[in-house]
Structure formats: C-alpha cells, structure tokens
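Student: Per our numbering, residue 1 is the first one in the sequence shown, and the count goes up by one each step.
Don't read these hints as lab results, they were simulated from the structure.
Among the clues, some could well be false.
[Claimed, not checked] With a cut-off of at most 27 Å between alpha-carbon atoms, the simulated DSSO-like pairs for lysine-lysine come out as follows:
id : residue 1 : residue 2
1  : K105      : K126
2  : K98       : K119
3  : K126      : K112
4  : K77       : K48
[Unchecked claim] Label pairs and their computed distance ranges (CB to CB):
id : residue 1 : residue 2 : range
5  : R35       : A125      : 39 to 49 Å
6  : D52       : A107      : 21 to 31 Å
7  : D21       : D59       : 54 to 64 Å
Just so it is clear, CB atoms sit at the ideal spot from N, CA and C, and this is done for glycine as well.
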Amino acid sequence: MNRAFESKQRAYATQESTWQDLQRLRDSYGPRIERLNSLQEAAFQNMKQAFDNASSAHDRRDGADAASYAAEGHSYKAESQGYVSERRGLVAELRSAKERHDATKPAFQRAKGDFNSAKRTFDSAKTEHE
C-alpha cells in the first residue's frame, strides 16, 4: 500500500506542477493577448481607413495621395499581421502547456485507482484480523 500511495503522490505532484505551469502562463500571457487583440483591431481600423482614403484619392485622380495612403495602409497591414503572429505564438504555447497538463491526468487517475484498490484490500484484511 505504501508503494501505491507514493506512486499516487508522485503522479499528483507531476500533475500539480504542470497545472501551476499552465496557470503561470495564463496569468502572464492573458493580459498580453488582450493587449495584442486591441492593438491588432486598432491597426486593422487604421489600415481600413488608409485604404478607403487611397480609394477616394484615386477616384479624385490624385495619384500621389492615393499612393501615399496605400503605402500607409500596407504599413498598418504589416503592423496588424505582426500582432496576430505574436498572439498566435502565445496561444500555441498555452495550448501546448494545456496538452502537457492533460497528459498527466490519466497517470494520476490510474495511480489513485491503484491506491484506492490497495487501501480497500488493506482495510479488508485489517477488519478480518481484528
């Protein structure tokens, strides 16, 4: 029964460690992801406005302004894509940490079941002995 208890404790410690790692990442990355969402949305709106301005300038046959606004729109597009790329990286790290945590659950459940089985056997033997 001692071996089963120690095995359960080791599995629990592993599971708890991966849970703490996941929580640390969530606490760290959550605010950054929210900030990236806001920055990306602002960059997208700026890009949209710049391309609308480029279209209006083109309709007015103002090639210089159209080119300038289009260049500005492409700059905002690149900025927006940078935020998206960073956010995807953070989300991928969070998913990976969650997968690592989820992978520890079956081992703990198995060890917990083994311990409970050993404890029932021990308790039954103890009752018979008394």
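Student: Any of the earlier hints contradicted here, and which numbers?
Tutor: 1, 2, 5, 6
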